[in-house]
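Visitor: Chains Z and X are the protein sequences, given in the same order.
Here our numbering is used: the first residue of the first sequence is 14, the next is one more, and so on.
Here our numbering is used: the first residue of the second sequence is 533, the next is one more, and so on.
Rather than coming from a laboratory, the hints here were simulated on the basis of the structure.
Please note that the accuracy of each hint is not assured.
Claimed, not checked - Chain Z stretches covered by chain X per the calculated footprint, using a threshold of three residues with CB under 8 angstroms from any CB of chain X: (1) 16–30; (2) 48–61; (3) 68–81.
Unchecked claim - Stretch-level coverage of chain X by chain Z, calculated; a stretch enters the list once three of its residues show a Cβ under 8 angstroms from a Cβ in chain Z: (4) 545–551; (5) 555–563; (6) 566–572; (7) 664–677; (8) 687–697.
To be verified - Here are the computed lysine to any residue pairs in the SDA-like style, where the Cα-Cα straight-line distance is at most 25 angstroms: (9) X:Lys-580 to Z:Ala-86; (10) X:Lys-671 to Z:Ala-86; (11) X:Lys-671 to Z:Arg-17.
Idealized CB from N, CA, C, for every residue including glycine.
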Amino acid sequence: MSCREAQELLHGYADGELDLVRNLEMERHFRECPACASDYERLRRMREAMSGSVPYFQPPAGLERRLRSRLRAAAPAKRSIHWQWAAIAAALVLTVAGVWRVALMSRHPDSVEILAAEAVSSHVRSLMAAHLTDVPSSDRHTVKPWFSGKLDFSPTVGDFPSQGFTLAGGRLDYLDGRPVAALVYQRRQHVINLFVWPAPGRLNSETSTTDRQGYHVLHWTKAHMNYWAVSDLNGRELTEFAELVRKTG
Amino acid sequence: MAEKAELVEFEQAVLPHLSAAYNLARWLTGNDHDAEDVVQESYLRALKFFSGFRGGNSRPWLLTIVRNTCYTWLRRNRMDDQTEELDEEMHAIDSGSPNPEAVLLAAAHRDLVQRALEDLPAALREIVILREMEGMSYKEIADVTAVPIGTVMSRLARARARLQQLLAGANPAGARA
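Could you put the whole structure together from the sequences, leaning on the hints where they help?
Guide: Shown next as structure tokens:
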């Protein structure tokens, strides 16, 4: 081993970081080279002097106690750390919500009432807020593509001018806790909102009719889709409209 | 409750290293008050990042946080050269002190060593502390200080050469073989 090499490895040797072979080579070199041996000896002494005289600062009394109380205070704020638990909890909530919704849709009369109320509210809001349509078009080939990208489903858009129901446009709305398609039709001076969104696992149902706040509300499902039609149009004409939609859907 | 269990786990992992954390913070900040603040901040940060700690030796993990908190602290609270990039220049002993000769003559050996260590740039000082006081391996020091092992070795060599120079200058009889 050369002196240059030995000098490079001097600290590694002193710190016990060399492998066995290098260690032995260093020791042999020290026996043969007094200069390097003396460098090592000086290093050893210096470290010895340091270990005896450099203070290892001890934490002040009470620091651990203060630390514990600060940690305890900080711990609840870091709930997001438990994201696995959060994910599990979220999954549970979704499952429960899903079950709830299936139960809701399939049998619970109250839920139908609630949805009917929601649908009527949306209908009224659409008339009041001058926000009847996001895409004002009587062309269903314009309205249908407009929804793609905004919704995770594609509603069937029909137009029935010869029967006196003309498409006025489409709008995004929010019903039953999700975004839905709102198709807007006109019959003379009356507006019909037709809300459409998926109803997974649900086949065709009869059309049910309710009246709320002076509005007629028709509801049916067809081919795994929910349909809610709301209007101040008379019940007979609205049912006629519903039949037209059912045929195209 | 999972949170409480995690806090207990956290405390068991890092509170035993409170002395090491404090000592490092004290050597890097240079005073007790800042050291305590840095340690408290470090532990709060450690708690925040604890989920990222995948077992193993918690001391280097904690000291990494303490070290980084120290530098953040120093940058925020001081305008001096504590965190400056390391350069090659070697300052004379006690260049800032009014009467170096008198200091040298009067000081006890112990004070000299401490002062010599304090005079090292932080980048060299931290490596000496982790090596000589914490007994860390080069690999662990490299992890804590975020530099390659080769840099740890060269900085350690430079730090020791500097310390030897300082001590030899101050006390030739004690430092010479």
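Visitor: Evaluate each hint against the coordinates.
Guide: Status of each hint after checking the structure:
no., hint, verdict
1, 16–30, "holds (count 5)"
2, 48–61, "holds (count 7)"
3, 68–81, "holds (count 11)"
4, 545–551, "holds (count 3)"
5, 555–563, "holds (count 3)"
6, 566–572, "holds (count 4)"
7, 664–677, "holds (count 4)"
8, 687–697, "holds (count 5)"
9, X:Lys-580 to Z:Ala-86, "holds (13 angstroms)"
10, X:Lys-671 to Z:Ala-86, "violated (35 angstroms)"
11, X:Lys-671 to Z:Arg-17, "holds (24 angstroms)"
In summary, the one numbered hint that this structure violates is 10.
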